[in-house]
Amino acid sequence: MMPKKHSFPVGTFILSILVVVGLAVVIYRYIYGLGAISNLSDGRAWGLWISFDLYCGVALAAGGFTLAGAVYIFNLKKYRSVVRPAILTAFLGYTLVILALLVDLGHPWYIWHIIINWNVHSPLFEVGMCVMFYTAVLALEFSPAVFEGLSKSNLPVVRHINWHFPWRVIRAIQIPLVIAGVVLSTLHQSSLGSMLLMMPETLHELWYTPILPILFLISAVAVGPAMVIFESTLSTRVFGHKLDIDVLSGLARVIPYILGLYLLLKVIELTAVGELGLIFTAYPQNLLWWGEIIIGVIVPIILFSMSDVRQNRSAVFWTSVLIIIGLVINRFNVSMLALGMRPGYFYFPHWMEFAVSVGLVADALLVIWLAHRFLPIAHQEQIVEAEI
Amino acid sequence: MKLNRRTFLKVSAGTTGLILLNKPKKSSASDTPNKSGKAVLVDTSKCVGCWWCYAACKHAHNLPETIRPDKEHPPELDSNILTTLSTMKNGDEWLYAKRQCMHCEYPACVTACPVGALQKTPEGPVIYDSSKCFGCRYCMVVCPFGVPDFEWEDPTPWICKCDFCTDRLAAGLEPACVDACTTGALKLGNREELIAEARERIAAEPGKYIDHIYGEKEAGGTSWLYLSTIPLEKIGFPSLESKPVTLDAERAMGAVPPVLLGVAAAMSSIFWLVKRRNQMSQEKPGDKKEGRK
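First to last, the sequence lines map onto chains A and B.
So for the first sequence, my numbering puts the first residue at 17; every next one is plus one.
So for the second sequence, my numbering puts the first residue at 26; every next one is plus one.
Next comes chain A alone, as it looks inside the complex:
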């Protein structure tokens, strides 16, 4: 269970520096305001944090609900070994969303206003509620690993507490938790698309469609398994245990169907409204469109349809990277690059905006590293289950 301890200190040192720099920028922001650390303006009120931390962060956390649903609802036991890493990544992803919002909001100390002042017509209200509840659900879904870790601990007070009791409580409500997670994720992934439905005049026609919420959900379901392949491959490389190729190729096998449905819906929609020609004529936006479709959809469909690719660890890994890049391009397109907002304003993120986002990601990587060191992530459940 113990990882190779010496493989990481340099990495953790760099990550710690990035976290500290990010933190310093955040403190500076609280003293001098958003204008001092960002290139955001009246014409570009949303920037990197919304596009990357919110739009990409939530989509890339989709591995949590897709894998939890596959294993606990559809009973696909093969994937049990990757559920915990997936849920941990999702939980950290959502934590990052909240932390980024605490930087991005003008008055982060009033974030609780959303609990008392409801506007049920607002897509952003739905987003806020889903973030809140789903983060709680993810924390509970992951908590058994923490209890298992604590029960093995030798710390003075901790070892005298009976960690089996909360563990059993959570295990008893596990299925309702997973179902709640799937429901909240369905709503949340799609609501990020609904948010853009408020901008029919400023979001480019290649992307604006009333079915945006559905496209958002489907692309998130497709990127979920890709993200699980990505991060479990990386963590097995760092921590030295091997993941069954069967698991990887099984995940890779379903992805083409989901991406295929996504592509089909996109093309049908554009055809139905007579705007398919825009993919050739709407220069330069069509390049962005082709970028996300070729990199993130067409090439991965072809690659993952080949059984040779699915049996090769690094081919599976790099194809998943393509899917992730494609999704990131898509989320940046709809929330920044193809979104007009107000004419006459140019936006490129300030270096301190990057520092905040990079610091948050470094933060998450550190937590993942700590979790793999101290908690039963990869070898879940066997330890405690054997004792009951």
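There could be a bad hint or two in this list.
Stated by the list, open to error - List of simulated lysine-lysine pairs, DSS-like, C-alpha gap at most 30 angstroms:
# : chain 1 : residue 1 : chain 2 : residue 2
1 : B       : K96       : B       : K114
2 : A       : K94       : A       : K168
3 : A       : K94       : B       : K300
4 : A       : K258      : A       : K93
5 : B       : K300      : A       : K93
6 : B       : K242      : B       : K212
Said to hold, decoys possible - Derived DEER-like restraints, expressed as beta-carbon distance ranges:
#  : chain 1 : residue 1 : chain 2 : residue 2 : range
7  : B       : D179      : A       : Q327      : 53 to 63 angstroms
8  : B       : R301      : A       : L292      : 29 to 39 angstroms
9  : B       : N215      : A       : G360      : 28 to 38 angstroms
10 : B       : S306      : A       : F296      : 25 to 35 angstroms
11 : A       : L292      : B       : R193      : 49 to 59 angstroms
Keep in mind the hints are simulated off the structure, nothing from the lab.
Using N, Cα and C, we set each Cβ at its ideal position, and we do this for glycine too.
Please build the complex by placing chain B on the supplied structure of chain A, with the hints as guidance.
Below, chain B without anything else, positioned relative to chain A:
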């Protein structure tokens, strides 16, 4: 184009019906389209660019006052400028069009605000309550007219926009800018009556105005209405369709309760079916099953 999308939606409802189960729900704001609310008619042909509206607005809202702006470089709206002029040189003469919050009939900002800090009042104004706001700036992103602004340099920033001088209206006064207008280019009144008057003015002097009242239909209609000698799109106003920009989002939001219940029911039944099938097919002891309580 957008109508085609609507048609497409109906066609594809069978397969992709997630968000289509409900008819569009009207927001609290759009329940009562503002038939009798207050409105202002701007006759841009009467505006001479004296900037008195600009000065009066700053004075009425205790904003830092400046020298008279230059018509060649008119300022954009920002957190200290709630009304300004768009200017354009047309041949030898200068054209001016006043810019401020349009106080939409179906305001995107009101639907967008997650905490309900923006509201459309029955009297016409779209007003902002900073005590609810937490600074998410969604209103700024969705506004089709690009109106709400933000105090970027302030560590405790709020949204700033024209409030139609709600307090002055309540006291029976005209908004500060209307009161200050030196040429009668601004007229406060009832929206329906002002639209009728605008039509009369267009008919009375054929060829003077273009035959379009900007704000009558744009984005579902606004409380500020414009008569002009050239299309306002040429002077920087957005070119908008007549349907409210909130329609698709409100339809999607209306689908949330059925989707919530539907997905919960579907997942529960799939879990039950899979579990039952497994129990039937392999009645072996010792095979521990996930999720059994």
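Verdict for B/D179, A/Q327 (Cβ pair) under range 53 to 63 angstroms:
holds, 58 angstroms
Quick check on a hinted range of 29 to 39 angstroms for B/R301 and A/L292, using CB atoms only.
Cβ of B/R301 to Cβ of A/L292: about 45 angstroms, so the range 29 to 39 angstroms is violated.
May I ask you to test the hint 49 to 59 angstroms on the CB atoms belonging to A/L292 and B/R193?
holds, 52 angstroms
Within a Cα-Cα threshold of 30 angstroms, do A/K94 and B/K300 meet the stated pairing?
Answer holds: A/K94 to B/K300 is near 16 angstroms, not above 30 angstroms.
Within a Cα-Cα threshold of 30 angstroms, do A/K258 and A/K93 meet the stated pairing?
Given that 30 angstroms is the threshold and the Cα spacing comes to 18 angstroms, the pair holds.
Would you mind confirming whether the straight-line C-alpha gap from B/K96 to B/K114 stays at or under 30 angstroms?
holds, 9 angstroms
Could you grab the alpha-carbon distance between B/K242 and B/K212 and see if it respects the 30 angstroms cut-off?
holds, 19 angstroms
Would the pair A/K94 and A/K168 pass a check requiring their Cα atoms to be no farther apart than 30 angstroms?
With a Cα-Cα distance of about 26 angstroms, the restraint between A/K94 and A/K168 holds, given a limit of 30 angstroms.
Kindly confirm whether 25 to 35 angstroms is satisfied by the beta carbon distance between B/S306 and A/F296.
Because 53 angstroms falls outside the window, the suggested range is violated.
Are the Cα atoms of B/K300 and A/K93 separated by 30 angstroms or less?
holds, 12 angstroms
Between the beta carbons of B/N215 and A/G360, is the distance compatible with 28 to 38 angstroms?
Once the Cβ atoms are compared, 35 angstroms apart, the range 28 to 38 angstroms for A/G360 and B/N215 holds.
Going down the numbered hints, you'll see the structure goes against 8, 10, while the others check out.
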